[in-house]
Amino acid sequence: MRKTERHQMKRDELVTAIEKGSFYVEHHARRIGMLAVGLVVLAAGVFAVRVWWTAREEKASFLLGQIILTYRAPVTTSLDALQPSTSGSRTFSTGEEKDREIVKLADEILTRYGSSGFAPKALYYKGLALSELKNTGEAGQALQDLLAKYPGDFLAPLARYQLARLKESQGNPSEALIQYQALAEDAQGFFPKEEGLMGVARCQEALGLKSEALKTYRKVVSDFPDSDYQFEAKEKVEELS
Numbered sequence: 001m002r003k004t005e006r007h008q009m010k011r012d013e014l015v016t017a018i019e020k021g022s023f024y025v026e027h028h029a030r031r032i033g034m035l036a037v038g039l040v041v042l043a044a045g046v047f048a049v050r051v052w053w054t055a056r057e058e059k060a061s062f063l064l065g066q067i068i069l070t071y072r073a074p075v076t077t078s079l080d081a082l083q084p085s086t087s088g089s090r091t092f093s094t095g096e097e098k099d100r101e102i103v104k105l106a107d108e109i110l111t112r113y114g115s116s117g118f119a120p121k122a123l124y125y126k127g128l129a130l131s132e133l134k135n136t137g138e139a140g141q142a143l144q145d146l147l148a149k150y151p152g153d154f155l156a157p158l159a160r161y162q163l164a165r166l167k168e169s170q171g172n173p174s175e176a177l178i179q180y181q182a183l184a185e186d187a188q189g190f191f192p193k194e195e196g197l198m199g200v201a202r203c204q205e206a207l208g209l210k211s212e213a214l215k216t217y218r219k220v221v222s223d224f225p226d227s228d229y230q231f232e233a234k235e236k237v238e239e240l241s
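Heads up, the sequence shown is in my numbering, so the first residue is 1 and it goes up one at a time.
Hints were generated in silico from the structure; no laboratory data involved. As the structure is a computational prediction, the values presented were derived from the model and not from experiment. Don't take every hint at face value.
Claimed, not checked - The calculated DSSO-like cross-link candidates involving lysine-lysine, where the alpha carbons are at most 30 Å apart (straight line), are: (1) Lys219 / Lys193; (2) Lys234 / Lys215; (3) Lys134 / Lys104; (4) Lys149 / Lys59; (5) Lys98 / Lys134.
To be verified - Now the in silico label distances, taken between C-beta atoms and shown as ranges: (6) Asp223 / Ala73: 37 to 43 Å; (7) Asp226 / Ala73: 33 to 39 Å; (8) Glu96 / Asp186: 29 to 35 Å; (9) Lys149 / Glu239: 36 to 42 Å; (10) Glu132 / Asp223: 32 to 38 Å; (11) Gly117 / Tyr71: 16 to 22 Å; (12) Ala187 / Ser222: 15 to 21 Å; (13) Thr91 / Gln144: 29 to 35 Å; (14) Gln170 / Val75: 24 to 30 Å; (15) Glu212 / Leu69: 30 to 36 Å; (16) Ser93 / Gln144: 28 to 34 Å.
Note that CB positions come from ideal geometry on N, CA and C, so glycine has one too.
All chains should be modelled from the sequences, with the hints used to inform the complete structure.
Here you go:
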């Protein structure tokens, strides 16, 4: 077969393929058109959902920013200091007023944006504020919710510590001990293990477990020589020995 004939056959095959494609498009134009419209609608839907989700995240982020600003805001009785500053930061006349504002903002995040990544932060600050308001039941629930729903969040160890302190202050060393032990045994966490151990030892003392408490204090002395708790731990070792 000549070279020119082979090229001609390839061109004929190409023309045939194009003709078949054109024939298919002509006889399935409606179906193709509907498919194209469907793809456009799908793309528009995905874009709309992304825009909606981004807007939600931005609103939740703004509310969390307000919580942090409120948490850091000073409490003052000076009339001049209570005037709004040019930076937009707020001041409060009482700690109760400030803590109630934190709870209100946190509840807004949890109610409207509970599925966002800002929910665990809202629970943490809500727990802190409720603790200050002496609403220990709801404070403990907020902190427990954070630990149950978001155990991997970076605030989880701090929430566990606050929960342990709350239980300890309520005169419930057995429940506080569980939380302190979890902190002391957390190999992955950033929370200072010696602080968890000091909590464990205090709770063991409160439960009358003197020998166990002595072992725990000695562990702090031996394993954490540069810790700020060295002096306190050594005193406890001497006291319990």
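Which numbered hints turn out to be false for this structure?
15
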